[in-house]
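Trainee: Each chain is listed here by its residues.
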Amino acid sequence: MNKKSTIILITSILVFLVIFVVALMVGRYQISIDNFFGALFTSDETYRIERSIIIDLRLPRTIMAGLAGIGLSLSGLLYQETFQNKIVSPDLLGVSTGASVGAAIAIVLGLSSALISIFAFLMGVGTVILTVLIAKIFKNGSSTILLLAGIIVGGFMASVLSMIKYFADPETTLASITYWMMGSFENSTMKQVCIVFPIILISVVILLTLSWRVNIVALGKEEAQTKGINYKFYRYLIICIATLLTTSVVAFSGTISWIGLVIPHIVRLMVGRNTRKTIPLSITFGGVFMILVDILSRTMTDSEIPLSAVTGLFGTVIFICILLYRRRMFDEN
Amino acid sequence: MKIKINKLFFTYAGTTKVVLKNMNAEINEGTVNVVLGLNGSGKTTLIRLLAGLYKPDSGSIIYDDKSLNKISIKERSKIFAYVSQHSNAINDILVKDYLTYGFVNALKFYKSPSKEQFDRVEKIAKKMQIAKLLNKNLGDLSGGERQIVSIAVCLLQDTPIILLDEPTSALDLKNQNLVLSLLNEIAKEGKTVILSSHNPNHALFLDSNVILLNKGKIEMFDKAEKVIKVDVLEEIYGKKLCLSSELNYQEVSFKK
Numbered sequence: 001m002n003k004k005s006t007i008i009l010i011t012s013i014l015v016f017l018v019i020f021v022v023a024l025m026v027g028r029y030q031i032s033i034d035n036f037f038g039a040l041f042t043s044d045e046t047y048r049i050e051r052s053i054i055i056d057l058r059l060p061r062t063i064m065a066g067l068a069g070i071g072l073s074l075s076g077l078l079y080q081e082t083f084q085n086k087i088v089s090p091d092l093l094g095v096s097t098g099a100s101v102g103a104a105i106a107i108v109l110g111l112s113s114a115l116i117s118i119f120a121f122l123m124g125v126g127t128v129i130l131t132v133l134i135a136k137i138f139k140n141g142s143s144t145i146l147l148l149a150g151i152i153v154g155g156f157m158a159s160v161l162s163m164i165k166y167f168a169d170p171e172t173t174l175a176s177i178t179y180w181m182m183g184s185f186e187n188s189t190m191k192q193v194c195i196v197f198p199i200i201l202i203s204v205v206i207l208l209t210l211s212w213r214v215n216i217v218a219l220g221k222e223e224a225q226t227k228g229i230n231y232k233f234y235r236y237l238i239i240c241i242a243t244l245l246t247t248s249v250v251a252f253s254g255t256i257s258w259i260g261l262v263i264p265h266i267v268r269l270m271v272g273r274n275t276r277k278t279i280p281l282s283i284t285f286g287g288v289f290m291i292l293v294d295i296l297s298r299t300m301t302d303s304e305i306p307l308s309a310v311t312g313l314f315g316t317v318i319f320i321c322i323l324l325y326r327r328r329m330f331d332e333n
Numbered sequence: 334m335k336i337k338i339n340k341l342f343f344t345y346a347g348t349t350k351v352v353l354k355n356m357n358a359e360i361n362e363g364t365v366n367v368v369l370g371l372n373g374s375g376k377t378t379l380i381r382l383l384a385g386l387y388k389p390d391s392g393s394i395i396y397d398d399k400s401l402n403k404i405s406i407k408e409r410s411k412i413f414a415y416v417s418q419h420s421n422a423i424n425d426i427l428v429k430d431y432l433t434y435g436f437v438n439a440l441k442f443y444k445s446p447s448k449e450q451f452d453r454v455e456k457i458a459k460k461m462q463i464a465k466l467l468n469k470n471l472g473d474l475s476g477g478e479r480q481i482v483s484i485a486v487c488l489l490q491d492t493p494i495i496l497l498d499e500p501t502s503a504l505d506l507k508n509q510n511l512v513l514s515l516l517n518e519i520a521k522e523g524k525t526v527i528l529s530s531h532n533p534n535h536a537l538f539l540d541s542n543v544i545l546l547n548k549g550k551i552e553m554f555d556k557a558e559k560v561i562k563v564d565v566l567e568e569i570y571g572k573k574l575c576l577s578s579e580l581n582y583q584e585v586s587f588k589k
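Those protein sequence lines, which keep their order, are chains A and B. Mapping to this note's numbering: the first sequence position 196 is 196, numbers consecutive. In this note's numbering, each residue carries its 1-based index in the second sequence increased by 333.
Any given hint might turn out to be false.
Unchecked claim - Each computed DSS-like pair below joins lysine-lysine, with the alpha-carbon atoms no more than 27 Å apart:
{"#": "1", "chain 1": "A", "residue 1": "Lys221", "chain 2": "B", "residue 2": "Lys350"}
{"#": "2", "chain 1": "A", "residue 1": "Lys4", "chain 2": "B", "residue 2": "Lys459"}
{"#": "3", "chain 1": "B", "residue 1": "Lys465", "chain 2": "A", "residue 2": "Lys3"}
{"#": "4", "chain 1": "B", "residue 1": "Lys403", "chain 2": "B", "residue 2": "Lys337"}
{"#": "5", "chain 1": "A", "residue 1": "Lys232", "chain 2": "B", "residue 2": "Lys441"}
{"#": "6", "chain 1": "B", "residue 1": "Lys411", "chain 2": "B", "residue 2": "Lys521"}
{"#": "7", "chain 1": "B", "residue 1": "Lys429", "chain 2": "B", "residue 2": "Lys354"}
Said to hold, decoys possible - Here are the in silico distance ranges between beta carbons for each label pair:
{"#": "8", "chain 1": "B", "residue 1": "Ser400", "chain 2": "A", "residue 2": "Ala309", "range": "20 to 30 Å"}
{"#": "9", "chain 1": "B", "residue 1": "Asp452", "chain 2": "A", "residue 2": "Arg327", "range": "32 to 42 Å"}
{"#": "10", "chain 1": "B", "residue 1": "Asn402", "chain 2": "A", "residue 2": "Lys136", "range": "13 to 23 Å"}
{"#": "11", "chain 1": "A", "residue 1": "Cys321", "chain 2": "B", "residue 2": "Asn547", "range": "56 to 66 Å"}
{"#": "12", "chain 1": "B", "residue 1": "Tyr582", "chain 2": "A", "residue 2": "Glu222", "range": "14 to 24 Å"}
Unchecked claim - Okay, the calculated bits of chain B under chain A, using three or more residues with CB under 8 Å as the criterion:
{"#": "13", "segment": "412-418"}
{"#": "14", "segment": "425-431"}
{"#": "15", "segment": "442-450"}
In short, the hints are calculated from the structure, not lab data. For every residue, glycine included, the Cβ atom is placed at its ideal position computed from N, Cα and C.
Pulled out of the complex, with its shape left as it was, chain B reads as follows (with noise of 0.2 Å):
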């Protein structure tokens, strides 16, 4: 499925900064697209827009050929899974009963999930190693975990786009390496993944494709490989960005 989006104009209501100034994208299908810029440069805002939480102030986001603003909220869920940057206060849940949420937009209202489900809830919990948590309560699971939680929510949801608000941000070195690795996964099955992130190298990791924001509009929308670089990205992160081939120590990170 193709995203479109065209001409954004963004304020928050009560406010008068003008959050996102015209933006134009086309986000194709099957991709990874890592949003990066500095805070407040409108990450956030715009992948909430695109889960369709917030209202733009004009310009348009379409779905293949449909507006967001005229689709309804069950075939919106049908559309896009999305996991927020801070995870629910909920904490008394458990995770079984929680992973089956995803199938709300599939159950009638008055079903409840059935059988059937939760075989599919403990297949793909099998499968992205996450069995052991099954009978535990959200709140018992550490920060990695819970993300990972998240995610298989949104794969149970069945949608060909997964919008992610820095699904990095509160994780520690093997969490973000494991988390990045199942979006990868993700993206090979064909699902188009849209994330936010703090950390350039996140792209280079996922091999993706980078909307690389300034102030509220996109200044760059390109592969990861061509964006990624000092001339350009110093023009955001400052004059003292280096490769860290520079650097007069070792750096660690992730093997691919």
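Chain A on its own, in the form it takes in the complex (with noise of 0.2 Å):
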């Protein structure tokens, strides 16, 4: 880490708290500052209301953005740069598309939140398994035959998907499959945090360990493995931690597109293309990031707007300008 870096770190992490703490005090309820610190540091009745609506509604939603921003955008990344192209998502060997099967399932069949949760869960990792089973049939090992099986295994889903929602009831089933789809963290929970945050901390410590050892993995397999790193346990090993930060998230948020992919790309801009400082980044900036997002998606309007619809806004955006900008500096070069 050198300096820049170490003060973009910082400086992030701080807006990291600020936002936090911003988040829990915004919404259709506004809440004071002095009426936040009384909810929270006092046991004053008249701040009951207050203290419900921090406690109860906005702090498992915000711990659940912030998880949902980190697991998404590092697992973005690390796709990114295992797979060598910049312009792979965290769907790229299936695993939302895999998710959203296994929560349309589970609507269809009337189950409860909690196992539409545990089906997407189940049919994600299941569908990540799927594509790497189809590309080893191929005996190849190159990444471009996982890419592909990606491809084919997530259009396989996209079909099933497509098939279930065709059966689905349009008044009700339907509607849900679809709301489902668009991503939301309306109903989260404190329960749900106590999954997901483990998952995510346990993925986050292995990636900060190895965050400089991932440039190496990075180089592709023949580089890699002539310097001297066991090139398929660790390719396996990235993609397992990125399946896992994201069918955690996707299984109790929905699916939620674009800060996979812009978040990375924010971060390379800033400080290079060097996992050592853009896993690190990663994390905080998705955290910002997914949280005004969530932010955003209940303040802008009286009813909440989902969160897919707010990230494409947004990272569509960024994107182009980060495009642009990078566009102007090959120029001046």
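Using the supplied hints, reconstruct the complex from the two chains, each of which is provided in its own coordinate frame.
Mentor: In structure tokens form, the structure reads like this:
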């Protein structure tokens, strides 16, 4: 870490903390700073409503938003590095589409929200396993085959999803499936946080430990191997972590697009391509971005706007700005 | 470190053409060895087999007294470094950072390069006259600069053997000379260098051994001055081959 990236990292951690507190205060029911501290640090009964809103509603959803941002931007970064392709997103190996199929099946069967999450999680993981197995048939071990298998399995899952939607009841289940797929933290609970938090924490610890080494994996099989790294092991480890990160988020919040693509690009633009710097920064930037998006999704209008609509809106604009900026830097050189 | 190639056979997966047929050779420590031969004669295949990137159908490659397939990936990276023909597609890493990748096998999995290792990068960059490139992106380098950076990484990897697959094929004359001179210096420091090339003159320039391949077999393995002869080479390169002294024009080349 050089001076510049350390400053960016510390600043982004501070911003993360500030935005986290702000997220607890703003919303349809605004809470002033006085009331906020009153509700959290006194046991005064007059702040009963505020306390309930902050602790029961906003705290779990804000934590979930932060975790989702961290999970999705990290897995986006990991895939972009290991597949040497800057336009891949966490859904590369069919994770989100698979999870959507799982959720859709559970919704059609009329199962509880806990079971919807479990189905989504299992199908998400199952889809990636299927992708890896299909790639294995070709005994070639190249990233291209894995990418292709991802496209094939993703396409297959997408048509299964269409089928389920076609047969679903348009009044009830179809609406639920569609709404689920647009992503929301509205139903977040502390219980969900207790499940997702350890998964994200363990992944983050492993990734921070390996943060420099991911650079070498990103060189591709030949170079990584001749430089002394067990490429196969690290690639599967990374796919494993990225899949767990994405599915654990998607299973509870539905699919959220763009963030996994945009955040790694922003981070790379700021500190260059070095996973020792980009991994920690993707964590803080991803968290901040997602919490911001969640604030917007619940304050922009009277009803909640689905997350993917907001991430798409801002993600695309930011992405164009990044490309233009890169282009300008390129021209100047 | 001695390399022994023992009854080596190799076929690419999904094909029937046997690329290497019963190859035997012994490469001595501290020598420069140029693999010559036509396109498709097995030069790249041989280098990549030596680098452990392919598995032979049968036969073995033995480093000192250990068979390559019994050496772990990490141990291999302490025995040989490898420069591929097509330099990596990654363009947006700083040269400075890229050079530290040579230290991977010396670092524990949770470590990143130390200050001292960055100093070593600077030292070797100065020695190889690429210090001014350190803060540039790999993608901003010329082909020649990039090749020298690739070799610098190998030197930092600090292995007794360096394998290079056509390191001069994409370079202009000046850079070809630069790379070859560099390899000469490396060999003087006692390292074993094995490279493939399309240009027999390179073997003469390097005063190296030549492994002359013909249709997947070793046609001849000897000192360059003994192999680079019209009667030997015309078997492979065709009857029109001649020495430059027989030409009715002057060829350009480099002084040693």
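Trainee: Does each hint fit the structure? Answer for all of them.
Mentor: Now for the hints, and whether the structure bears them out:
1. A/Lys221 x B/Lys350: holds, 25 Å
2. A/Lys4 x B/Lys459: holds, 25 Å
3. B/Lys465 x A/Lys3: The given pair, whose Cα atoms are some 21 Å apart, holds under the 27 Å limit.
4. B/Lys403 x B/Lys337: Distance ~14 Å between B/Lys403 and B/Lys337 Cα, so the pair holds.
5. A/Lys232 x B/Lys441: holds, 18 Å
6. B/Lys411 x B/Lys521: Holds, at about 20 Å.
7. B/Lys429 x B/Lys354: Between B/Lys429 and B/Lys354 the Cα gap is close to 42 Å, so the pair fails against 27 Å, i.e. violated.
8. B/Ser400 x A/Ala309: 20 to 30 Å: violated, 60 Å
9. B/Asp452 x A/Arg327: 32 to 42 Å: Given about 36 Å between the Cβ atoms, the range holds.
10. B/Asn402 x A/Lys136: 13 to 23 Å: holds, 21 Å
11. A/Cys321 x B/Asn547: 56 to 66 Å: holds, 58 Å
12. B/Tyr582 x A/Glu222: 14 to 24 Å: Distance hint for B/Tyr582, A/Glu222 is violated at roughly 41 Å.
13. 412-418: holds (count 4)
14. 425-431: Contact hint for the segment 425-431 of chain B vs chain A: holds, 4 residues under 8 Å.
15. 442-450: Three-residue rule met by the segment 442-450 of chain B, so holds; n is 5.
Comparing the model with each numbered hint stated earlier shows that hints 7, 8 and 12 do not hold.
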